[in-house]
Amino acid sequence: MPLEIIKFSSDEKYKKKVMEISGQNFHKCYQCGTCSGSCPMAEHLTILPRRVMALLQLGVKEELDKSNTPWTCASCHTCMVRCPRGIDIAKVMEALRLIRLRQNINQIEPSNLTKKEIVGLPQIAMVSGFRKLTS
Amino acid sequence: MKISYYPGCTLKTKAKNLERSALACFDVLGIDYEELPRWNCCGAVYSLADDDLLHIIAPVRDLIRVKERGHDTVMTLCSMCYNTLARANELMKNDEKKRYTINTFMDEEPDYAGEVKVVHFLDYLRDVIGWDKLREQIKVPLNDLKVAPYYGCTLLRPREVALDHPDNPTIMQTFLETLGTTVVNFPSATVCCGSYQVLGNPDAALKVSHGILNDAVKHGAEALALACPLCDYNLGFRQDAILNNFPDAREIPVYYFTQLLAVALGTDPAVSHFELNRAGSVQLLKSKKFISGTAS
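As given, the protein sequences belong to chains E and P, one line each in that order. Per the numbering used here, the very first residue in the first sequence carries number 624; after that it's consecutive. Per the numbering used here, the very first residue in the second sequence carries number 543; after that it's consecutive.
Rather than coming from a laboratory, the hints here were simulated on the basis of the structure. Hints are supplied without guarantee of correctness; some may be wrong.
Unchecked claim - List time: in silico DSS-like cross-link candidates among lysine-lysine, alpha-carbon distance up to 30 Å:
{"hint": "1", "chain 1": "P", "residue 1": "635", "chain 2": "E", "residue 2": "651"}
{"hint": "2", "chain 1": "E", "residue 1": "639", "chain 2": "E", "residue 2": "651"}
{"hint": "3", "chain 1": "E", "residue 1": "640", "chain 2": "P", "residue 2": "639"}
{"hint": "4", "chain 1": "P", "residue 1": "558", "chain 2": "E", "residue 2": "739"}
{"hint": "5", "chain 1": "P", "residue 1": "609", "chain 2": "P", "residue 2": "675"}
{"hint": "6", "chain 1": "P", "residue 1": "639", "chain 2": "E", "residue 2": "636"}
{"hint": "7", "chain 1": "E", "residue 1": "639", "chain 2": "P", "residue 2": "635"}
{"hint": "8", "chain 1": "P", "residue 1": "640", "chain 2": "E", "residue 2": "636"}
Said to hold, decoys possible - Per label pair, the in silico range of CB-to-CB distance:
{"hint": "9", "chain 1": "P", "residue 1": "649", "chain 2": "E", "residue 2": "686", "range": "38 to 46 Å"}
{"hint": "10", "chain 1": "P", "residue 1": "712", "chain 2": "E", "residue 2": "725", "range": "35 to 43 Å"}
{"hint": "11", "chain 1": "P", "residue 1": "651", "chain 2": "E", "residue 2": "707", "range": "34 to 42 Å"}
{"hint": "12", "chain 1": "E", "residue 1": "733", "chain 2": "P", "residue 2": "793", "range": "25 to 33 Å"}
{"hint": "13", "chain 1": "P", "residue 1": "709", "chain 2": "E", "residue 2": "653", "range": "16 to 24 Å"}
{"hint": "14", "chain 1": "P", "residue 1": "675", "chain 2": "E", "residue 2": "680", "range": "51 to 59 Å"}
{"hint": "15", "chain 1": "P", "residue 1": "669", "chain 2": "E", "residue 2": "626", "range": "54 to 62 Å"}
Built from N, CA and C at the ideal position, the CB exists for glycine as well.
Please model the complete structure; the sequences and the hints are all you need to start from.
Printed below as a string of structure tokens:
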């Protein structure tokens, strides 16, 4: 299969921002895939965590912006406790969420919850969900 | 010595069965506690951003309240409260720069440097009461009840606040063995139930929860024990949706670990508020003759 060579430039500003918010150096990732293999939400992700790390190393912001991965992550920290390189991947996902949320873009709209949902949901679900998915 | 008890947002209403059963156990076990005055919501999830200290304020305020009461320990029952308070405490203990910023920001509060110990009822049972002492108090051994211990995430991760080994924990098994149950180990014991994704991706959360319950059933469990109101919602309350969506799903009672303890300690079943569990939950305990037929 012929390989196509494309012109590509890394978004260094974006990389720096993710590093600053997460406090994590994703360049340490050596692509073993333990995170992806451990993720309980893996089958629902458009990009697996291993690939998120690779895209961050390359600074491909557009691909990451399109991905549902940070919004499907449940912050369960399984990837984090298993990462042999000691990367706190949950913090990287949080940074990807916050870059968007800090532009006032909500992932879910609390006002769209039905009365039935509000009555049924425990407080803990709403507090944590709003914290993670709204600005 | 008296300790502070921190309830958290859900335990006075939707998870009253967790709080009331636990407090009844505190009384039987002689735990001298006081509900923390002026407690506020911990925020449920710990802030994972390096530049966000604002969300650490709420849990730190709670820890300051504990210190003000002159108590050295705060007891939690909810896994997420435990995690959030314990992580905020670690930060205040170990990060000098952030501690300074937070203390300066809250200039109306006394300074705090992680002096209080954050515990969960499970590790309090193991480390302070001890399994042998607990065993002596058991009045109704839950013999032949096949229970799968479900940990979820926040009791075990991250490592700095883990009650036990993050991948190979035994604390809940030992607890359940002490009550006399037959422990059913299953691979999904530490798999996330989907957590707050019940809001963002309810279908994905439902599928993950189904996988956990199915795994427990396949390994021969007749009940699940857990510690978190969000796990209870995803695995207990949403079981109707799971049963409707997955043909291979089987109903399985889900209990808070404190409810099983309260029954084993011989307390009045009314304190466990089984009406907030699935209907089959109380039936199973009645059929095993752990509680009398009149309890709701």
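Unmet hints by their number, sorted upward, for this structure: none
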